[in-house]
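Undergrad: Spelled out, the chains give:
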Amino acid sequence: AQKVTQAQTEISVVEKEDVTLDCVYETRDTTYYLFWYKQPPSGELVFLIRRNSFDEQNEISGRYSWNFQKSTSSFNFTITASQVVDSAVYFCALHNQGGKLIFGQGTELSVKP
Amino acid sequence: GAVVSQHPSRVICKSGTSVKIECRSLDFQATTMFWYRQFPKQSLMLMATSNEGSKATYEQGVEKDKFLINHASLTLSTLTVTSAHPEDSSFYICSATGGVNTGELFFGEGSRLTVL
Chain A
1 AQKVTQAQTE
11 ISVVEKEDVT
21 LDCVYETRDT
31 TYYLFWYKQP
41 PSGELVFLIR
51 RNSFDEQNEI
61 SGRYSWNFQK
71 STSSFNFTIT
81 ASQVVDSAVY
91 FCALHNQGGK
101 LIFGQGTELS
111 VKP
Chain B
114 GAVVSQHPSR
124 VICKSGTSVK
134 IECRSLDFQA
144 TTMFWYRQFP
154 KQSLMLMATS
164 NEGSKATYEQ
174 GVEKDKFLIN
184 HASLTLSTLT
194 VTSAHPEDSS
204 FYICSATGGV
214 NTGELFFGEG
224 SRLTVL
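If you read the sequences in order, they're chains A and B.
Residue 8 in the working numbering sits at position 8 of the first sequence, and the numbers go up by one each step.
Every position in the second sequence, counted from 1, becomes a number in the working numbering once 113 is added.
Hints in this document: simulated from the structure, not taken from any laboratory.
Where hints are given, some of them may not hold.
Result set (SDA-like, lysine to any residue): computed pairs, CA atoms no more than 25 Å apart in a straight line [as the list claims (entries may be wrong)]:
no., chain 1, residue 1, chain 2, residue 2
1, B, Lys154, A, Val111
2, A, Lys3, B, Gly129
3, A, Lys38, B, Gly211
Pair by pair, the computed Cβ-Cβ distance ranges are [as the list claims (entries may be wrong)]:
no., chain 1, residue 1, chain 2, residue 2, range
4, B, Glu165, A, Lys16, 44 to 52 Å
5, B, Lys133, A, Ala81, 41 to 49 Å
6, B, Asp178, A, Glu59, 39 to 47 Å
7, A, Asp29, B, Glu200, 19 to 27 Å
Being a predicted model, the structure only gives us computed values, none of them experimental.
Just so you know, even glycine gets a beta-carbon here, dropped at the ideal spot from N, CA and C.
Next comes chain B alone, as it looks inside the complex:
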């Protein structure tokens, strides 16, 4: 199947700093990428949907100024957690698709963020 790679897999940062997470589709063009967040012992919650070349659409309750999403190419989307706080510590996982109605979705390995 198609491969989606996330980097870094783990990151520890100090409170107040910004962290960038990359999501790459390695062998297909991802017209749409999705960013999810998962707190311990909880389900995955969609944060935002990003389409290549346009602004991301954020789910209700997700601060767009805090979680900056850029989808500048068909193979790369980035999530930047700005001015991170300990409550932002979570597992962030992206998924990518070549067509939103195809049902073909591929997940990255996830990135575990710890904010001290």
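Next up, chain A with everything else stripped away, as it sits in the complex:
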């Protein structure tokens, strides 16, 4: 079975705090992609990152960083020095061999000033 689990339904932090959003996935495919998307209140999906299953290097992009651990099937997302504009729902997703995206339940992040 293919599945993505985002155990944190809602997270609330104060501006400038660091926050980590967890993502655990299940797949039997050896080749797959993992994604993170941001969905602001307007609804559109904003692409944040795509990671190939063969590339376990962690990635940093500005205040965003991602930790891919194949051994634990996790692909966690950290926002450093959070800002109010980071408030949104964040989705982790698994792209399988058939091209379908399987989304996690989403984590609603609220950053308060």
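Fit chain B to the known structure of chain A by using the hints.
TA: What follows is chain B alone, placed relative to chain A:
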């Protein structure tokens, strides 16, 4: 990155009418398009996969006669919600790819349907 456009972004219709939503890939040929539905406070659920020139493949529990999908060209797929009911009110979003195993997926802006 590649651009996928959806139209209309918002639509309100009366119960019993049909509504068509378009998904266009503006700068690449989309061999496969996917249609997702998202109810409030929930995740995105795949409804169907459409390949250009062939019938769509629907996920379990999605009524193919109610949600008609047409992918007549490499740049356009349409989703028609037939005889819409209030429970069909949702956010519909499409994604497109030029190759299902490339991992390159591009999402439209989404269409919010409200059925009165």
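Undergrad: All hints, please: hold or fail.
TA: Evaluated hints:
no., hint, verdict
1, Lys154(B) x Val111(A), "18 Å, holds"
2, Lys3(A) x Gly129(B), "35 Å, violated"
3, Lys38(A) x Gly211(B), "23 Å, holds"
4, Glu165(B) x Lys16(A): 44 to 52 Å, "48 Å, holds"
5, Lys133(B) x Ala81(A): 41 to 49 Å, "45 Å, holds"
6, Asp178(B) x Glu59(A): 39 to 47 Å, "44 Å, holds"
7, Asp29(A) x Glu200(B): 19 to 27 Å, "34 Å, violated"
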